[in-house]
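J.: Residue numbers (the working numbering), protein chains in the order written: chain A, 88 to 426; chain B, 88 to 426; chain C, 88 to 426; chain D, 88 to 426.
Calculated directly from the structure, the hints in this document are not laboratory data.
Wrong hints could be hidden among the right ones.
One copy or any two copies: either way a pair holds, since identical chains are not told apart in the list.
[To be verified] Below, a list of computed lysine to aspartate or glutamate pairs in the DMTMM-like style, where the Cα atoms sit at most 25 Å apart:
| no. | residue 1 | residue 2 |
| --- | --- | --- |
| 1 | K270 | D131 |
| 2 | K422 | E200 |
| 3 | K270 | D224 |
| 4 | K270 | D355 |
| 5 | K128 | D138 |
| 6 | K270 | E421 |
| 7 | K422 | E205 |
Given the structure is predicted, the values throughout are model-derived calculations rather than measurements.
Number of protein chains: 4
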Amino acid sequence: MVRVGIFGATGYTGYELVNILLRHPQAEIVFTTSESSAGGKLSDIFPCPWDFPLIGLADAPLDQVDVVFLCLPHGASMDAVRQVRSAGIRAIDLSADFRLSDAAAYRRWYGHEHTAPELLNEAVYGLPELHRGAIRDAGLVANPGCYPTSIILGLYPLVRAGALADHQVIADSKSGVSGAGRKPSLTTHFVEAHDNFSPYNIGHTHRHIAEMEQELSLARGNGSGLYVIFSPHLLPVNRGIVSTMYPRLAPGWTIEQVRGLYEEAYSDEPFIHLLRAGQVATLRHTVNTNRVAIALTPVDGSDTLIVTSSLDNLIKGASGQAVQNMNLMFGLDEKMGLM
Amino acid sequence: MVRVGIFGATGYTGYELVNILLRHPQAEIVFTTSESSAGGKLSDIFPCPWDFPLIGLADAPLDQVDVVFLCLPHGASMDAVRQVRSAGIRAIDLSADFRLSDAAAYRRWYGHEHTAPELLNEAVYGLPELHRGAIRDAGLVANPGCYPTSIILGLYPLVRAGALADHQVIADSKSGVSGAGRKPSLTTHFVEAHDNFSPYNIGHTHRHIAEMEQELSLARGNGSGLYVIFSPHLLPVNRGIVSTMYPRLAPGWTIEQVRGLYEEAYSDEPFIHLLRAGQVATLRHTVNTNRVAIALTPVDGSDTLIVTSSLDNLIKGASGQAVQNMNLMFGLDEKMGLM
Amino acid sequence: MVRVGIFGATGYTGYELVNILLRHPQAEIVFTTSESSAGGKLSDIFPCPWDFPLIGLADAPLDQVDVVFLCLPHGASMDAVRQVRSAGIRAIDLSADFRLSDAAAYRRWYGHEHTAPELLNEAVYGLPELHRGAIRDAGLVANPGCYPTSIILGLYPLVRAGALADHQVIADSKSGVSGAGRKPSLTTHFVEAHDNFSPYNIGHTHRHIAEMEQELSLARGNGSGLYVIFSPHLLPVNRGIVSTMYPRLAPGWTIEQVRGLYEEAYSDEPFIHLLRAGQVATLRHTVNTNRVAIALTPVDGSDTLIVTSSLDNLIKGASGQAVQNMNLMFGLDEKMGLM
Amino acid sequence: MVRVGIFGATGYTGYELVNILLRHPQAEIVFTTSESSAGGKLSDIFPCPWDFPLIGLADAPLDQVDVVFLCLPHGASMDAVRQVRSAGIRAIDLSADFRLSDAAAYRRWYGHEHTAPELLNEAVYGLPELHRGAIRDAGLVANPGCYPTSIILGLYPLVRAGALADHQVIADSKSGVSGAGRKPSLTTHFVEAHDNFSPYNIGHTHRHIAEMEQELSLARGNGSGLYVIFSPHLLPVNRGIVSTMYPRLAPGWTIEQVRGLYEEAYSDEPFIHLLRAGQVATLRHTVNTNRVAIALTPVDGSDTLIVTSSLDNLIKGASGQAVQNMNLMFGLDEKMGLM
C-alpha cells in the first residue's frame, strides 16, 4: 500500500486525484491540504460524501507518507517540493515548476526566478511514453502540462524519426475550461464562456510551448530544435483537449511509413489509442479516461500531414498521468486504478 | 426622438439595453455610465464595435436626456433615482429598489433601510399587462424582476378571477445564468455551472417572492393574500426562464373556462403568446424576444392545473420590458424596437 | 467470476454497462448483442478501444453465462426474457416490461398486451433500498426506471411512515438528454435541445408514473394509493436527473422528525448520500456515480416540504443499479465495481 | 416594398430568413414553401407565433413576388432556380448549386451533373465585399457558404496584394451544429455532440474548399491558384464559426503593412469589424449579428501570420448575407434590416 499525501486538494486537479486514488487498490490517502480551507472537510468544498479533513500545508505529517502529490500553482510549488524532498519523500509535482530543465528558460517563460534550481537536475519529465525508465527511479517527477502531453505525444514518432520537412510546426489546440483552474474570473464566467469559442495567447506566447519545444527538440536530437506555433482556444466544455497539428513531411515519407512510426512507438502503450485510417480523434474518445487518442490524416496534394490527438486534461493531462507515474515509481502495474 | 441616458451600462442588462436601443428608431443614447470602467469605451468591455464613451455617474449630463434607465444593483439605485427625479427627469429603474410599495417590506426582504421612501408613492410597477395606464403617466417606473414577470403573468388571470382553491401556490422556476449578473463567482464559474443543475434559495426565501405576492395579492383583491412557494433552479444556459406552476383550481372551474380567462386577459397583448392546448412553454419560444409564452395543461384526475411560462430574463425579464415601458411613457408604439 | 451476457449493447445503457463491467473485478463479459450492428465490433459504434464482437441475439451462447442483462426497448424485452429464463439463466431486465406486477396496468400504460404475463410473478422490482432481500434470490430482476428511482427514493421514508397530508404529491423532474436514448429525433437534435429547456408529457401521462405509484402505494400500505403529479423536463445536459418534490406533511410532523425518518431509512445505504440541513441536491452530487443524493428543505410558513434528489440516469438510474442488483444476486459485495 | 418568396422555409436558414425579413422595413413575405409540411403553418414547425401558411413549391405564386430566396438542399436548387428565372424573377440561391462557375468543378466536388449549366454564366458569387457592383445588377445571386465567407474574407486582402509566401494555406475552422442543418442524425444527436469536439472531413475533402479556392485564386490573379488545407471541426454550440488561418508572409511584409492592407480593404465595409492589435476574433463578437470580425496576430520568430475570423453561420454565413444581397439588388440601404 502506497501512503499518499496531497498538497492542494481543493483545486480541480487535486480533487480529480482524490477521486482516482479512492478507486486505486494500492493507494491510501493519508492527508489532504488546502491553505484556503484548512480546518474544513473536502465535502464542504465539493459535492461529494468524502469527509477528509483539510489541513494546512505546514501541518502535513510527511513522515507518514511515501509520496506527495503537489497540486499547487506554479511558483508556489518550488519551495514545497524542496520541503518534501528534504524529508526524503518522493514527490510528483503537477505544477510547471520542474518541467523545464533550464532555470534560465523557466525565468524567461514564467517571469520569475526559480528558487530551487538545485532540484532541477533530479527532476524527471513525467511522460511515461518517453521517459518510463527514468520515472521508475525518480525522487522527483515533474508531471507534464495538459497541452504538452497532447502535442508531444502527437508529434513524437515523427520528430524522433526525422520525418519533418520543417523546423516549425503548427498546433491548433482546443481545451475545456477546467484547464483554467477553479478560481473565478470573467473569462471563465459561465455567461462569457458558454456558447463562445475564443483563441487566446496564440502565436509563440503560451508558457506550455517551452515544454513542448524542450521535449521535441530532445527527441529530434540533431541539436537544431523545433519551433512550435501554438494556438490554444477555449472550448465551452468542462474537460478535454483536441489538438490539430500540421507537420510537413520531409520528401519521401509515405503515409504508410509514417503510420509505421506511430505503431512502432505506441503499439505497446497501455494508454495510447492509435486510431485506424479514416478516423479522427474527438473528445469523446478520451474524456473521463487516462487515454490519449491519436489519428493520422494525409492531405491529398500536399506534403502536410494532419495529426489529431485528444485527451482529458484533468486525467492524462494531469492527475491520471500523475498516478501512472506513481505506479511506475512504486513498482505497481502501470494501469492500476486507471482503467 | 427620445433622448436616453443609461446608468450602469456594463452589466448584462445595461448592455442588452444598449443593443435594443440601437435598433430603436425613436431612441438616441446620449450617455452611458460605468463606475468601474469610467474613461473607457463600451467596446473595451464587450466584444462589439460600439465605441460609446463610459463616464462616471456624477458626470452624466442629465439636462440632455428625457429619461434615464438605471441598471444598478439594488441598494445603489435608490439615491441615483432620487438624483434623476430631482432633476425632473423620468426614470426607469431596473433594480428592485422601487418595486415594493411598502418600505417595511423592502427592509424585511432586502435587509437594509430604504433611503428614498418618499419616492415609493410615485413609483409604478412596470408590468404593462397589469398597469399600462399608470405607466403612461409615470415619472418613475420600477421595472419588474425576471422571475416575477414569468410567474405573475402566468397566474394573473386565474388569481384575478378567484379561481384558486388555495391560498398557496407552487412555482418551480429554472433560469439561465445571466440572471445572476456579470460578477464572477464560484456558483457561476463555467466548470461549476456547466453540466450542472442546482436548486437554490428554495422555499420561501428568494427576494423576488415579495413582488410576486404583492402583485398577485393585489389582483386577488379580497385582502387575503397569496403565498408563493418558489423554487428557483440554475439552468446551464445563458438566457431564459421557464416557470412550472401548480395552482389548484377552486371547485367548478373547467379547463375551458380557465382558458377563457387567459384569452380574455391576454388576447390583445402584443407580447404574450398564449399557446394552444397540448403545447407547453419552452425556452425556445421566447429567448432573444420580448415575448412571454404561456401554456395551460390540465392534470387528469386532479384539481391541479399546470401553467408553464417562459421568457428571456434579459429582455421581457429586464431590458426589453424597460423599453416597452419607455414606449408607453413617451406615447410611442408599445412594440417599437422590440419586434 | 460472474459470466455475463448483454442483450443490446449499442444503446447508451448497454454501453454504460460494458464500461462498468470492464472495471468490475468479478465479472466477465462473455457476449454482447446488437441487432442493428451484428457482425461488427463495439469500437465501430462507440469511440472506444474495445473490440468486442457484436452478435445477433439469436446467436447468443446462453449456456456460457450466469446472467443476462437486457438493454432492449420495452416491448422487445418480454420475449427475450422468456428465452433467457427458459434456459435457466438469471435475467436483469433494464426495460419497463417487468416492472409492473399487473399485466392490465402494463397494457393501460404501455398500450399493448404483455406477452409473458406468467413471468410477472417471479419478477422483483430491483430497487435494493426497498427490496434487497428479494433481489438476492430473484431469477428475474426488473431494473427500475430512472425517474422512478429518483422519486421513489425521495419520498419513500415519508410515505412509509404515513407522514403525508395528502394522497397527491407533485414531482417536478429535470433530466439530461441521454434518458431519451440513442435514436436521433428532432427533439434530441443538438440544435433543438441545446440552450433549450422543455416540459414534456406533464401531468399524469408519463409511463414512469405507473412504477412510482405502484411502489409508493405499496410502501404506504393502507390501500389508499398515492397519486403522483409528474412533470418531466428536458435539460440540456447529457446525464443526470434532479427531482424537486413537494409533499405536504400531515399535522404534527416536524422537520427534525422527518429528517429522522430519512436517517433511519438510509443511514446504512451505501449509495444514498443524505445531505445536511441547508444543502440541496444538484446534478454534480451524483453524475458519473451510482449515488442518489437526497436533501430536505422545509418551507417557512407552509406544511409543504421540499425534497430534492439527484442521480445519474445511466448509472443509478439504469446500468449501475443493474450491476448493484447483480452483486446482490451473486453474493458479492454490493458496492463492487461501483465506487 | 420588395415582395419576397421563400422556397424552403422550414430549415434553419429559411427560418432565420423569415425572422430577419419580419424586421425589415422594406420587405414583405408573400409566400413560404415547404415540401414536407405543405398545408401547415410555420408555427406548427417552430416555437413562434407566426402563422404563415406553408405551401408546396409548385403552388408558389411567382407572379406576386420580386425576388425568391431558395433555401433548398444543393442538388434540389438547380431546377427550382431555373423555374424562378424563367418566370423573370430575380433569385438568391442559398444552396451551393451556383457558387462554382465551372460545371466540371461542380461535378467533381458534388458528385453529380449540373442540370442548369446555362445559368452559371449569369450567377454572381454573392459576397458583397468582393462583388458588390455585380450583385447590384444580378438576376441570380449565389449566396456563399458559411465557411467560405469566414475564410475568403479572412485572407482576401493578403491574397489580393500578393503577400503570401506559399501557394498553400492552412485554415482550421470550428463551427456550431446548426451548420449541419435540421435533419436529425447520429452526428448531430444532442448526446453525441454535447461535450464533444470533433474534426471531420479534414484535409482537402470538404466541398466548401472549391468556393474558397475559386474566389481566392481569382483574387490572387496570377493564374497560379491557391491551395487551401481546410480542417472543419464540430463545436458544441448552435451558431457561429471561428476560423484560425495560418498564412505565411512573403519576405519583406511587416505586420504594419499587412494591417494596412486590411484597413484599406475593409474600413468602409459596414459588416466587417476589424479588431485592434492584441485582440482575437471570438464567437461572441458576431453571433446573432451580420458581422464578420477579423483579427491579425503576428507570430514572433516566424513568417507565419495568424488570422482569426468569426461570423454567425446562419446570418452573415447564410440568411443575413442573402438579405444584404437583396438590399443591393433592389437599391436599398445595404444595412437595412440587418443592424
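J.: Measure nothing new, just compare the shortest in-copy and cross-copy C-alpha distances for K422 and E205 to 25 Å and report within, between, both or neither.
T.: neither (32 Å within a copy, 47 Å between copies)
J.: Checking an output row: K128 and D138, CA cutoff 25 Å. Within, between, both or neither?
T.: within (5 Å within a copy, 42 Å between copies)
J.: At most 25 Å between alpha carbons: which applies to K270 and D224, within, between, both or neither?
T.: neither (35 Å within a copy, 48 Å between copies)
J.: At most 25 Å between C-alpha atoms: does K270 with D355 qualify within a copy, between copies, both, or neither?
T.: Classified as neither: same-chain Cα gap 39 Å, cross-chain 36 Å, threshold 25 Å.
J.: Are the CA atoms of K270 and D131 at most 25 Å apart within a copy, between copies, both, or neither?
T.: both (17 Å within a copy, 23 Å between copies)
J.: When Cα atoms must be at most 25 Å apart, do K270 and E421 count as within-copy, between-copy, both, or neither?
T.: So K270 and E421 fail the 25 Å test inside a copy (32 Å) and across (38 Å) alike.
J.: Checking an output row: K422 and E200, CA cutoff 25 Å. Within, between, both or neither?
T.: neither (36 Å within a copy, 49 Å between copies)
Violated hints, listed in ascending order, are 2, 3, 4, 6 and 7; each of the other numbered hints is respected by the structure.
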